Structures are given as C-alpha cells and as structure tokens.
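S.K.: Order-wise, the sequence lines are chains V, Y and H. Note that my numbering has the first sequence beginning at 1, numbered continuously upward. Note that my numbering has the second sequence beginning at 1, numbered continuously upward. Note that my numbering has the third sequence beginning at 1, numbered continuously upward.
No wet-lab data here; the hints were simulated from the structure. Here the structure is a predicted model, which is why all the values come from computation and not from measurement. Virtual Cβ for every residue (Gly too), placed ideally from N, Cα, C. Some hints could be false.
Stated by the list, open to error - Where chain V lies over chain Y, by a calculated footprint (3+ residues, C-beta under 8 Å):
1. 10-22
2. 196-204
Stated by the list, open to error - For each label pair, taking beta carbons as the anchor points, the in silico distance ranges come out as:
3. V/50 with H/123: 50 to 60 Å
4. Y/46 with V/2: 51 to 61 Å
5. H/227 with Y/19: 39 to 49 Å
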Amino acid sequence: MKWDLRQRPDFGICQLTFDQPGEQMVVEASAMVARDSNVDMTTNMKGGLGGALKRKISGESVFQNTFTASSPGETLWFAPGADGDMECHIMDGSHSVMLASSCFVAAAPSVELDTKFAGVKGFFSGTKLFLIKCDGQGPLFFGSYGAIHAVDVGPAGYICDTQHIVGFTGGLDYQLRGVGGLKGFFASGEGFVCEFKGQGRLWLATRSAGGIASFLQPFRPTKN
Amino acid sequence: MNFNVMYRPSGAMAQVQLEGGEQLLAEAGAMIGMSPNMNMETQAKGGVGAGLKRMFSGESFFQNTFTAMNGPGEVLVAHSLPGDIVSIEVPQSALMIQSSSFIASHMGVTTSAKVGGFKTFFAGEGLFALRSEASGPGQQVLVGAFGGITEMQCDGNLVIDTGHLVAWDAGLTYKTQKSASGWLASFLSGEGLVCQFEGQGRVWIQSRNPREYGTLIGRQLPPA
Amino acid sequence: MDHQITHNPSFALLEVNIQPGELLVAEAGSMVAKDSHVGMEVKMNAGAKAGFFDKVKAFFIAFVRKIIGGESFFVNHFSAAQPGRVWVAPTLIGQVAHKKLGGGSFVMSSGAFVASMGDVDMKMKFGGLKSLFSKEGLFMLEVSGTGDVWFNSYGGIEEIEVNGTYILDNGHLVGYEGQLEYSLKKAGGGFISSMTSGEGIVLEFSGQGKIYMQSRNIPSFVGWVANMLP
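Kindly produce the complete structure, drawing on both the sequences and the hints.
M.R.: Given below as structure tokens:
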C-alpha cells in the first residue's frame, strides 16, 4: 500500500491506495471519510473485552474498523475528528512508540497496540493517565489538535508543557517538574512541565484541547 | 534573537532562537516547549497596577521572562486558539494590539493596557486595547489571531468589521460606525458595527470572528 | 472581476476586486473588510432583475436556509462606481473553493454558499429523508447558469472523480456535480456492525462526475471537544 498525507498541518487527511487484494488497515472508529465501495469493512473490539474496556477508560473508542482491499488500486480516506495535523511513523521493530491515548488514528494490523496506565505522571501530564504503547512493524498514523512539531531530543534533554504531548519514541523517558520556583509553579501559567531525557523523537502539538475547550465554555447552552 | 514562525495559518507556532544571555518576554501559558538551559522567571511586569490592567484586558496578570543561560537556547510559543501568528516590528509611533492577541516580545517593547473607552467597547471587543511602544528600532512583538492574518495598507480609508481587527499602526485614526446607512439595514446585513480607519498606515486583520465561531459551535455543545 | 483566496484550507479569506457594473452577492455577515467607496446593500437572495415570482422563490430559499441550514436570511450586494475590493469569509474554520459555472449544474449543502457573481440561478433541491440522514439537512442548494460561485467547507476540500460507485461518510459531503446520484447505505455488514463502527450511515454515489468532500465534520469535532470541556 502507499499513502499520501494531505492538507497538513491544518487538516491532516490520509489517502491510502491499496496495492494488493487482502491488504488491511485498522482505523479508529468513525475516522473513515470515504472509500471505494468494494473495500470491505469489519468492526471489532481489538484485544477482546479486556482491551476494549481499557480503551474505553483511556478515552479511545472501544471499537475499531478493519478495512480490507479486494483489488489493487482501491482507495481509503481517513482523518481524525479534531482540527489538526496527522503524522505517519513507520515502525521498523527496533523501538516502540508511546502515544497520548486520544491521538491514535490508524495502523497496519502488524502494529500491536497496548493501552498503558501512566500513573501519577500521566494524571498531571495531560495524557489523561493513559498512553498507548505501539510495537511491531508497519505504518502508524496519529493526529493532534494543531500542528505536530517533532523535536529530536539529544543528550541535553528537552522541556515541554504537559498539555502538548502527542507521543515519543521508546528511547525517551520523562519526569514531571515545576519551573521558575514556587511563584512560577502557581503564576506562570505553565504549572508542571515534562523534562524528557534520553535519545529519541518527541512529537508536540502546537495547540492544546484545553485552550479551545475553555474558549468555548462560555458559549455552551445552560440547563433550564 | 530570531523568530521563526511555523505551521501557518491554523496551528501557527513561533520557534524563538536566543543567543546566550538574550531574553524573551512572554504571556503566561504561551510556552509549548524549550531547551533545558532556558531560565523562566515569573513577574507582574510594571507592578501590580499594570498587571491588573493587563488582566482586565484579557491578558494575564503575570508574564514570564525567558533567559538563555550558558549559550544559545530556544523557546516554542503560541497562543491558545487556533490561528495565525506574525511578528511585527514595533514602529516609533507605537502599535495598537487587540486584547488577547499579545504572545511575546523583545525586552525593549513595553506593552500596556489602554482604556479604549466607549469606542472599543462598542466595537464589541472589550474595554481594552493594548499599546506597544519600542525603546528603539528592531524591537519586535509576536501577535496571534483567530484565523489567518492579512496585513492591509490603509491608503486614505478602509472599513473593517470590528470582530476581525488584530492590530494597527497607532498613527491611524478610526471611528466605529454602522455598516449600512440605516440601523435596520445594518442589523439585517449581519455586519453590525464596523471600524472606519483614516490616514496612512497598516492594519492587520484575522479571517475569522471568534465570537461568531464560538456562538455557532457553542450551541451544539452539551449544556453546562 | 478578479479574486484571490488566501489562508486555505483552514482559514480561507476571499478577496474580490469588483469592477464598475459588477455585482457581488455574499452571505450576510460574511464581510471582513472593504474599501470605503464600495457600496453594500442588504437584500433577500434574489437575482438582480427578479420579478415577483422570483422574489417569492427567493423568500422560500432564504427561509429554508435560515431554518434548516442555520444560515442567514439575507445576502449583501456589493457594487462600486470605481474598482474596489471586498473581503469575505465564512464563520466556520475551513476552506473556500471557487467554481466557474458554464451552463452545468452543481449541488451543494445549503450552508456551503459563500458568494456568487454573474447570472447564477439558485434553487432548493428537496433531498427527502435521504438528505436528512446524510446530515446535509432536508434541502440541498442547486446552482446553475453562467458565472462564479464560491462555497465553503468545514475542513479542507478534496475532489474525488467517481466512475462507478464510491462511498462517502455522512457529514463529509460539500457538493457534487449534477449528473451524479447517491443513496444511503449501512456502513458495514450487519446492523450491529454499522452502529458500533462509528460510521453508521454512509452515502454511496454512482454515475460519473466529481464529488467534493470535506476532511472534517462538525459532529465529530463537537464530540471531541465535548470530552475536553471543564
């Protein structure tokens, strides 16, 4: 299969063209936009009931759709729900990728997805307690609110705001810390930051969901 | 110092590269990421009075100063709403900025909240506009907007819908007026009030009106 | 007339340079800026030489657009004695596309209209339940004639050339060329599968022509942001 990521970074959308009959792509529920009529769609709870339950808690959708080509040249279009970018990382089996749970869009069936509890760190880091650990080989598609900015983290490390993490490669680990002392922690508007150490790639979103949510809050209808 | 604006227009972010010892003044909460050698200090610039005025104008009470320690460093900054960012060199005659559009500036720029009086109040954009003044040439300010930013030349006169104003040269004069000749026609036209600019200078506009967008999306959200 | 569209696909801004004698019709409330000497008149959406019957039709279209599409009832007519510029933009985030009409017809979501110039005729096309379930509202807007039409989308626009059949998720349709037909289908094999897939109902197009699809849809965005609300 081959793919073309279009409309980046404003509205990432993937046009996937299958080369062989039987080729498959696993897509997050409701992310399909269009397809050739002959591309088959089946819906499943990936990882069984236990896996589905974990995904429900982590904010992913319980169901995923598997699309299968019936003849060469058929196309499939998919896009995330939020206004923003989409990136494709080709997994080669040498490292895993950790994704914020709401950022997953699609992957080849040969990529294994496992929802991981990120503990207290996850609670404060805006990744909603859960990270998806991706292993195996094949293309992995993920999206963001805003554009995706990649940072190659070297020996010096890198600091980022907790609300802007999309994902990172397995060679990295992070710690929560405050910046600017006590006053900085409460008044800087930054609160906790994440300090990444190790060697690998970090993907940041240039906008956070919290920003648009608090802007829209006063425009919501009120009860009664 | 170098401002590198990326991902225009919807997920725009400024990558600010600083030489050792250089400083950047930024709105609280604007930082997305930074190299670990950046030192962040939080303060209410200009004292409590200036901080309060900033707060009422839709900006934050505190601001953060980032300093590159022991060599060059970088800070990534953006505003919270989707939209464009431009850097503007502050002219000797000062620059007016619509409240909440200020993101960051060189240390030589003084930005203060200005009571716009009834004029800005009727313009529907809140009581305050910000006025940026520069200590000398080459001092820049980073301005963010909801929508794409277009720089327009006012050559005599120009009419701008009040919800689309971002910034303008302080040397321009403006008055708020009905969009059509009569009140009824103004109302029906959906344009309401517009700003009539006069003189020679630059006006920056945003291609979307945040309040109209908020109203349209907000009414589809679950009640609060 | 010449025009340019900047900030596509997310924050499109349309700039139209009007020559004397030309008339730009734009959705009420969509003006961003204009040269001071460009005149603006609020009208019901009827043609320039509209007779009584046309006005009744225009009223009907405006009424439907207001009630069903959440659009404004009125349009603004821009004209100028000397050349002048007008900038217009839709309310939602997204793209503005331009289509030159040369006799053929084009069907679009009733909310997609941004502006037109020339001898452009609009009529409401009753889509029935089919149209309602496709999240396009009960009516679609069919434009024909000769002239220029600008329309907007939520998300960016992709053109798909259909030759045979093609499936589009509901909520992603912006417009299609008049010779295409579509029917509603369940997304997957069975009823349960269709419901749990998150895709529900899809549109199956057949015939030959272009579909204009948008890369995002409002219900998905609203669902996403609703999860993030404080």
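S.K.: Each hint needs a verdict: does it hold in this structure or not?
M.R.: Against the structure, the hints:
| no. | hint | result |
| --- | --- | --- |
| 1 | 10-22 | holds (count 4) |
| 2 | 196-204 | violated (count 0) |
| 3 | V/50 with H/123: 50 to 60 Å | 55 Å, holds |
| 4 | Y/46 with V/2: 51 to 61 Å | 57 Å, holds |
| 5 | H/227 with Y/19: 39 to 49 Å | 42 Å, holds |
Violation of the numbered hints given earlier is confined to hint 2; every other hint is satisfied by the structure.
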